[in-house]
Amino acid sequence: DVKVTQSSRYLVKRTGEKVFLECVQDMDHENMFWYRQDPGLGLRLIYFSYDVKMKEKGDIPEGYSVSREKKERFSLILESASTNQTSMYLCASSPHSSPFREQFFGPGTRLTVL
Amino acid sequence: KNEVEQSPQNLTAQEGEFITINCSYSVGISALHWLQQHPGGGIVSLFMLSSGKKKHGRLIATINIQEKHSSLHITASHPRDSAVYICAVNQGTYKYIFGTGTRLKVLA
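In order, the protein sequences belong to chains R and V.
Our numbering numbers the first residue of the first sequence as 1 and each following residue consecutively.
Our numbering numbers the first residue of the second sequence as 115 and each following residue consecutively.
Bear in mind the hints are in silico, worked out from the structure with no lab data behind them.
Mixed in with the good hints there might be a few duds.
[Stated by the list, open to error] In silico DSSO-like cross-links for lysine-lysine, where the CA-CA straight-line distance does not exceed 27 Å:
{"id": "1", "chain 1": "R", "residue 1": "Lys70", "chain 2": "R", "residue 2": "Lys55"}
{"id": "2", "chain 1": "V", "residue 1": "Lys169", "chain 2": "V", "residue 2": "Lys182"}
{"id": "3", "chain 1": "V", "residue 1": "Lys182", "chain 2": "V", "residue 2": "Lys168"}
{"id": "4", "chain 1": "R", "residue 1": "Lys55", "chain 2": "R", "residue 2": "Lys3"}
{"id": "5", "chain 1": "V", "residue 1": "Lys167", "chain 2": "V", "residue 2": "Lys219"}
{"id": "6", "chain 1": "V", "residue 1": "Lys209", "chain 2": "V", "residue 2": "Lys167"}
{"id": "7", "chain 1": "R", "residue 1": "Lys71", "chain 2": "R", "residue 2": "Lys53"}
{"id": "8", "chain 1": "V", "residue 1": "Lys168", "chain 2": "R", "residue 2": "Lys3"}
{"id": "9", "chain 1": "R", "residue 1": "Lys55", "chain 2": "R", "residue 2": "Lys18"}
{"id": "10", "chain 1": "R", "residue 1": "Lys3", "chain 2": "R", "residue 2": "Lys57"}
{"id": "11", "chain 1": "V", "residue 1": "Lys167", "chain 2": "V", "residue 2": "Lys182"}
{"id": "12", "chain 1": "R", "residue 1": "Lys53", "chain 2": "V", "residue 2": "Lys209"}
{"id": "13", "chain 1": "V", "residue 1": "Lys209", "chain 2": "R", "residue 2": "Lys3"}
{"id": "14", "chain 1": "V", "residue 1": "Lys209", "chain 2": "V", "residue 2": "Lys169"}
{"id": "15", "chain 1": "R", "residue 1": "Lys70", "chain 2": "R", "residue 2": "Lys53"}
{"id": "16", "chain 1": "V", "residue 1": "Lys169", "chain 2": "R", "residue 2": "Lys3"}
{"id": "17", "chain 1": "V", "residue 1": "Lys209", "chain 2": "R", "residue 2": "Lys71"}
{"id": "18", "chain 1": "R", "residue 1": "Lys70", "chain 2": "V", "residue 2": "Lys209"}
{"id": "19", "chain 1": "R", "residue 1": "Lys18", "chain 2": "R", "residue 2": "Lys57"}
{"id": "20", "chain 1": "R", "residue 1": "Lys55", "chain 2": "V", "residue 2": "Lys209"}
{"id": "21", "chain 1": "R", "residue 1": "Lys71", "chain 2": "R", "residue 2": "Lys57"}
{"id": "22", "chain 1": "R", "residue 1": "Lys71", "chain 2": "R", "residue 2": "Lys18"}
{"id": "23", "chain 1": "R", "residue 1": "Lys55", "chain 2": "R", "residue 2": "Lys13"}
{"id": "24", "chain 1": "V", "residue 1": "Lys209", "chain 2": "R", "residue 2": "Lys57"}
Take the sequences, apply the hints, and build the full model.
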């Protein structure tokens with residue numbers, strides 16, 4: 001079974017802190033994604049990576065950066081956390097080869113910024 | 115108007131009822147996905163559809179490409195089916211468009 005893990009289930013940070021969210025997948029998937037999920041808005045793509053050191057901005061990249069130094073790990077960085085970044089963050093991965101591009105999701109990190 | 119619309123937003127059913135959740139989309143797609151999200155957050159994929167109908171246990175998913183519409187049916191619903199069901203479409207690239215979800219509660 002594909003397993004996608006995220007470093008924390010719950011996280012509380014203060015405004016202005018630098019925050020790292022880590023995601024690791026164990027199935028050698030090329031594609032990895034970071035989404036945020038807010039009530040009434042559905043999942044929105046923050047960043048996407050299709051290979052090591054490669055990244056593309058999603059729909060809402062402002063205030064975020066990412067790092068992919070190894071194929072299995074994709075990190076989301078909040079450079080200076082703000083209260084409007086309080087949200088559920090979900091990581092996902094998928095293989096290049098899948099024609100319908102099924103995604104496999106991690107358990108999510110619920111981040112609260114005070 | 116969202117490109118992927120789900121209805122209803124919330125649904126409460128009695129155990130054993132037949133449940134239908136609808137998804138309409140306004141863009142061209144290569145596949146449509148139905149996802150399930152339990153309290154606590156993790157999302158699992160239930161179905162991927164590009165045409166026709168798929169069945170897995172008590173779950174049935176259908177898609178009508180011409181009408182740009184899909185339905186997820188749950189037969190003989192059970193309290194453990196309580197979750198948020200999310201419709202997502204893929205346009206043949208890495209990009210997915212997600213509906214806002216249908217929150218289902220099944221009462222014993």
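- Item | Violations among the numbered hints, reported as their numbers in ascending order | none
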